[in-house]
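Trainee: Sequence:
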Amino acid sequence: MAMKNNKTLCIICNKDKITYLCEGCSRNFCLMDLTKHRQVLNEELKHIINDYNQFKHRFTDQKPTSHDLSLIDQINEWEINSINKIKQRARNCREIVTESLQTCINDIEMKFSDLNEQIKQIQNENEFNEINLNYLRNEFKKIREELDNPSNISIQQDSQPFINEISVISLENKPKWNKWKQNAVTMAGGKGQGQKLNQLHSPRAIFIDKKKNVFIADNDNNRIVEWKCDAEEGQIIADRNEQGNGMKHPTDVIVDQQTHWIIIADRGHRRVSQWLNQKQQILIKNIYCFGLAMDKHGFLYVSDYTKNEVRRWKMGDYNNEGIVVAGGNGKGNELNQLNHPTFIFVDEEQSVYVSDWDNHRVIKWRIDATEGRIVAGGNGHGRKLNQLNHPQGVAVDHLGHMYVADFGNHRVMRWYEGKEEGEVVVGGNGEGNKPNQLDCPYGLSFDDEGNLNLRLLTLTLAPFSSLPKTSFTSNLILSPKPSSSISSKLQADFDSLTIRSLTRTENATCLSPLSAKIQSILFTAGKFASITTDESSCLSSIN
Numbered sequence: 003m004a005m006k007n008n009k010t011l012c013i014i015c016n017k018d019k020i021t022y023l024c025e026g027c028s029r030n031f032c033l034m035d036l037t038k039h040r041q042v043l044n045e046e047l048k049h050i051i052n053d054y055n056q057f058k059h060r061f062t063d064q065k066p067t068s069h070d071l072s073l074i075d076q077i078n079e080w081e082i083n084s085i086n087k088i089k090q091r092a093r094n095c096r097e098i099v100t101e102s103l104q105t106c107i108n109d110i111e112m113k114f115s116d117l118n119e120q121i122k123q124i125q126n127e128n129e130f131n132e133i134n135l136n137y138l139r140n141e142f143k144k145i146r147e148e149l150d151n152p153s154n155i156s157i158q159q160d161s162q163p164f165i166n167e168i169s170v171i172s173l174e175n176k177p178k179w180n181k182w183k184q185n186a187v188t189m190a191g192g193k194g195q196g197q198k199l200n201q202l203h204s205p206r207a208i209f210i211d212k213k214k215n216v217f218i219a220d221n222d223n224n225r226i227v228e229w230k231c232d233a234e235e236g237q238i239i240a241d242r243n244e245q246g247n248g249m250k251h252p253t254d255v256i257v258d259q260q261t262h263w264i265i266i267a268d269r270g271h272r273r274v275s276q277w278l279n280q281k282q283q284i285l286i287k288n289i290y291c292f293g294l295a296m297d298k299h300g301f302l303y304v305s306d307y308t309k310n311e312v313r314r315w316k317m318g319d320y321n322n323e324g325i326v327v328a329g330g331n332g333k334g335n336e337l338n339q340l341n342h343p344t345f346i347f348v349d350e351e352q353s354v355y356v357s358d359w360d361n362h363r364v365i366k367w368r369i370d371a372t373e374g375r376i377v378a379g380g381n382g383h384g385r386k387l388n389q390l391n392h393p394q395g396v397a398v399d400h401l402g403h404m405y406v407a408d409f410g411n412h413r414v415m416r417w418y419e420g421k422e423e424g425e426v427v428v429g430g431n432g433e434g435n436k437p438n439q440l441d442c443p444y445g446l447s448f449d450d451e452g453n454l455n456l457r458l459l460t461l462t463l464a465p466f467s468s469l470p471k472t473s474f475t476s477n478l479i480l481s482p483k484p485s486s487s488i489s490s491k492l493q494a495d496f497d498s499l500t501i502r503s504l505t506r507t508e509n510a511t512c513l514s515p516l517s518a519k520i521q522s523i524l525f526t527a528g529k530f531a532s533i534t535t536d537e538s539s540c541l542s543s544i545n
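Going by the numbering used here, the sequence shown opens with residue 3, and the numbers climb by one from there.
Check the hints yourself; a few may be wrong.
[As the list claims (entries may be wrong)] In silico BS3-like links for lysine-lysine, alpha-carbon gap of 27 angstroms or less:
#, residue 1, residue 2
1, Lys230, Lys214
2, Lys250, Lys316
3, Lys212, Lys230
Just so you know, the hints here were simulated from the structure itself, not pulled from any lab data.
Based on the sequences and whatever the hints tell you, model everything.
Mentor: Here you go:
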């Protein structure tokens, strides 16, 4: 029997020989040419190593120190100038105090001399009674009080700082995209309006935990529903129950991811409650709660729409009225007042950002502050870049950039720390359903993972009326990353979507009651985005 031919053509010598496949270039070599091929690869590796070593030496020689960087020089210059301004202001104040005190002392000396003459006169004449003595006592008392507490000298602190604050903005972590993919995959609902476990009815807010589980405030169904990742139906976490004392029109929901308690703004019952395993515990009563937030220390923040204030409670300690951290001085437009606060956001430093609805501004309250500082708007009702029109959602990313849902101007704006004007990142082209328009955007929030590339942007959208009958209102996850596993049917259904409802989570949320196509949403945000809708539909994801 003849020997089986196991020879193939060598790519180099072009002869039939026993060959060996190179996995790197996917070509066949005979043993001799394979050896030469390996030698060539070794030479190429040597060149790479040589280039690396040369660059390493050059980098080591040229690597700048922190003192050589121009940005450090700018910070140092700002520090020196700021200190000089403070010293000069303190010097001026000391001079004013010294001059005022000297004037006060001169006045006291004159009064003291006059009183001394009166005492001498009484002694010489030896004519006095209780009236004279009481007069002398009172005059002496006035002089002593004037010396101890000069009434014409006091210190007043200006609410607006005279030193410009600076912040460092790093461009390294900014994403290189600004448009979201519009292909959608349903995550929750999508079966029409209803009460079934695969349906929703006017969901108002969502919260996405670290495991991608979605908690939905299903407003008109009076319940909180949890949808596991990739589940076909939800699980009721809290509802109105048979006694009717459970849940009534919840507007917001957050999850304490340490204790797993679900905290709910139960607006219909004017209270904040927490639920676990279908057991309810009322935390705060008699409060017209609108927005909820929790800081990294576990403190709970609640905005009260009617009392025009934001209060903070220590987790587990609710047998008190809490501490006012913003507003609380009646309705008004002063820096220590609010006018119907809606959404709130708490940053890493426990500063509270409040959307001051009827004051057309966002105001920032630092911890223990007695008044806030306007960080967006505050220049009256209008469409200019330094104005807002009934702001709603507010969120701050880890770079300190603030995003505001400018409800009445049909846009989402981004404001940098210390800037007097913001910039439009979504909409701003009037009310409508064109690709570059929004219609009354509502809420905004970001996750707290600290990495912008992993942050979630949540948008509330509903399908436009021109969609096929088979389409449905959906909660969607928008993503700048392409995906190969998208249903063509869904692509057709979501060519045009309408922003509908209010959604607040730890994830960035942009909500609107009317229409805007997904492709119009330009947002510098993270890898995924989730969307919830107003009129009973679904939660979907776009990858």
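Trainee: Now tell me if each hint is right for this structure.
Mentor: Right, here's what the structure says about each hint:
{"no.": "1", "hint": "Lys230 to Lys214", "in the structure": "holds, 7 angstroms"}
{"no.": "2", "hint": "Lys250 to Lys316", "in the structure": "holds, 25 angstroms"}
{"no.": "3", "hint": "Lys212 to Lys230", "in the structure": "holds, 12 angstroms"}
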